[in-house]
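A.B. asks: Here is how the chains run, residue by residue.
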Amino acid sequence: MSVKDFDMKVFIPKVREVVKKYDFRFDPKTPCPWDDDLADRIYQAAMDLYVDVGTYCTSTERVIKFTRKEVEEAVYECPKEAWFGEGPDRVVFKGRKPDSPDIPHCHVGSGTNTTEEVALKMVEAYGRITRAKTVSIPSVTQVGHLKTSSGSPMETLAGINMMRIGREGLRRAGRPGMAIINHMSSCAAGISTVAASHSEFGARPSDGWLVAPHAELKIDYSSLNQVAFLNSWGANIGQEAGPILGGYAGGPEGTAVVTAAYAFHGILVARATYHLTYPIQIVPVCSTTPGMIFVVSISSQAINRNLGVPYYALGYASAGSATKQYFYEAASYLCAVHASGMGIEDVHPNKAVLTNGALPIDSEFTCAFGHGMAGLTRKEANRIILRLMEKYLDKIKDGPKGRTVDQVYDLDTMKPKDELLKLYDETVRELRDYGIKLK
Amino acid sequence: MFEAIRGAIIDGSGAEASRIAQSALEEIDPLDMVNEGLMPAMNTVGERFGRGELFLPEMLEAAEAWEETMKVLKPKMLEKEESILKVATVVIGTVQTDIHEIGKNIVAYMMTASGFEVHDMGIDVPASKFVEKAEQVDADIIAASAIMTTTMPYQKDIIDYLEARGLRNKYIVLVGGGVVNQDWADEIGADGYGELVSDAVDVAKQLLAERGRSRSD
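If you read the protein sequences in the order shown, they are chains A and B. The opening residue of the first sequence carries number 0 in numbering that gives the first Met the number 0; numbering runs sequentially from there. The opening residue of the second sequence carries number 0 in numbering that gives the first Met the number 0; numbering runs sequentially from there.
For reference, chain B alone in the conformation it holds in the complex:
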């Protein structure tokens, strides 16, 4: 059954994955289905993306299949007072005036697939909204994407905003995007930077471990 549910998620078939999950609920614990079926499937999709074997459409379809299947599993998990062990909570978005979303979407997917609870704020997100959401969901990480040289300064705005409110040390701030590099991350005082979309998870986990905030391995 786990293999079947993994296959359905990888194929982006939410209907099939939900059907399998529904039919197996009497016999299999929903949390086991998540840990043995859904999560490995999401990881497989992420790995294949990293190897260039599949692309954003397949990744988005897998994410939709995940969401659809979780609608079946979540109520049962709540009944049993079960929850997915999360690595950390992330608030992610593309900075103010920047409307590019592809890289940010992939990072959001990769983090979800790796056990992070991800709150995606979308595009054109002002610094205040990043921080407001982070406070609301008790986030560990704020991840800000900027794709243009003229929108990079809004990554610094987030850090300035946090500092002005005495919140800077509360959050790990990650920056990324096509024009962003390590020099810029250092200049603005970001905690982490990933050159490739696939770097974000490793950078986040490393920083969490350094701060002793990791909630899993």
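Same shape as in the complex, but just chain A:
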């Protein structure tokens, strides 16, 4: 089957069919719904969709399909917890329910573009956040003076360098066993990822590797080779997916169903022990709009209520770091995913395009939010989100670019400069008035 036929004749009609059958409606006034029945219908729709559509393999132009019985067996048997790291830094990441009183798994860092000079300091700063359970390490796109490009030897070298930098940064932070769970942020090609995963460079099976499909519900041999390698090694495999609101899945309702369906792809095709979702809106390119918050919230509730796997969400803010708008957007997104039962990760600033634009203070904020907001209900989250959106929604198409780490940090001590601390303190005080408690 051609990829065009898969998209046009199989995927799109089936998404429309299940949205109609289960009667979903996105209400902009309820970006974070608290309707369990709606969440369960999304789950059923996602299963119907996955059973009928499967995963398209672009390398073979064939569809990988499973019967409903096979999907249900996988749901029963799939890993419900993932163990990360070594020694005293070893942690378990478990599924969590919506409205849970428990503190979510707090994952920090980002795989965004960072220069080699700064990368080590950034990882060390992430590692020093004691409430962070696991870490993402940056992506470097240059080795020496040479740019790396996907599939090239330079990409393999960049992956090896970052693997070494990541491990060394965590050792310097006093957390040598802390797991890095976004391998290989510097590599896109499967061959580079596998090569840079040699244990000589510091990789351990108790880290985590993200295996990416592409939109929507498609995979290729490059990713499947990663699965074959990682599964044989006994390493943690993370199913990552970034469904596109406005893309093949259509509007918020269809995108929510497809986002949930990736979990089935994850347990069956990617053999995932943990799951990451980062749905994104095509216009504007970020994840803090009402439609996006709805997608991530209701799809997470569907999976967390019915599948119960280790599952976390990554958002993209329009605004860059070291701006008030960034924290409003981040708080809005974190409210939704926290209350919906997800593990949380730093909301990436400035759509993740600014080199050195992710800051350790973003990670501090994530953890303080995760702990301070334990017990947040979906209903309360929805109320806060609507109020926060009044602060940023009209500016979301053209958010401020933000500042880079060298501009707002003392790079010798990796301490924020006074201007950043002042902005952070002011913003935290404002957020408190909205019902956001940081701890």
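In case anyone wonders, no lab produced these hints; they're calculated from the structure. Every value quoted in this text rests on a predicted model; they were computed, and no experiment measured them. One or more hints might be untrue.
[What the hints assert, rightly or not] Cut-off 25 Å, straight-line C-alpha distance, at most; resulting in silico cross-link-like pairs (SDA-like, lysine to any residue):
#  : chain 1 : residue 1 : chain 2 : residue 2
1  : B       : K70       : A       : D4
2  : A       : K146      : B       : G165
3  : A       : K400      : B       : R164
4  : A       : K400      : B       : G51
5  : A       : K3        : B       : S12
6  : A       : K13       : B       : G11
7  : A       : K396      : A       : P27
8  : B       : K70       : B       : D28
9  : A       : K19       : B       : E60
10 : A       : K93       : A       : D4
11 : A       : K8        : B       : R47
Got chain A sorted already, so can you dock chain B onto it with the hints?
C.D. replies: Same frame as chain A, but now just chain B:
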């Protein structure tokens, strides 16, 4: 009749649009049908997409309906030696090793809807293939999409490839994609960059006008 054909294209019904076009061919000039029916419909779909009122599936269905209807109209246009006034010719694709296509597909649609002749090379396209196609179709613009930081350098490869062959000034090179920004476009010497998929048409038209290469307004 124009309204009916517009409605059918917007609804993505190629069969209906073709039927209307076929039945009207005796009375209405095929080029008028394109200019008054098909093109405005494609523009409406593009505008609604920009406003978030409809999405990629509806856009692709409208594009298929356009193609199906053009199969009816094109032979008649050839008979009458008519052709659609095109703004410019574009070769578009996603760069080498990058398999993401959604943004590129939307830009291709928007450009078609705005009167550009678009040659879509698909995904994972090496620099040499972009240039080979551009030379073959006498293109004005090469538009290259990259969605990952590790595939962005292949946008620069296209510019390097053009420069190495003395062709750099022959083409307007546009770059875009999720991780691409103006700084990167400036760094590699691209002529234009669009942050949003909806920016591409405006950027292209502006650059064409600046170079005096626009074939229409």
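A.B. asks: Look at each hint and say if it fits the structure.
C.D. replies: Hints, verified against the model:
1. B:K70 - A:D4: With a Cα-Cα distance of about 20 Å, the restraint between B:K70 and A:D4 holds, given a limit of 25 Å.
2. A:K146 - B:G165: It holds: about 24 Å lies between the C-alpha atoms, which stays within 25 Å.
3. A:K400 - B:R164: Distance ~37 Å between A:K400 and B:R164 Cα, so the pair is violated.
4. A:K400 - B:G51: holds, 24 Å
5. A:K3 - B:S12: Holds, at roughly 17 Å.
6. A:K13 - B:G11: holds, 17 Å
7. A:K396 - A:P27: Roughly 17 Å separates the two Cα atoms, so the pair holds.
8. B:K70 - B:D28: This hinted pair holds, its Cα atoms lying about 15 Å apart.
9. A:K19 - B:E60: Holds: A:K19 and B:E60 sit about 19 Å apart, inside 25 Å.
10. A:K93 - A:D4: violated, 38 Å
11. A:K8 - B:R47: holds, 23 Å
The earlier numbered hints that this structure contradicts are 3 and 10.
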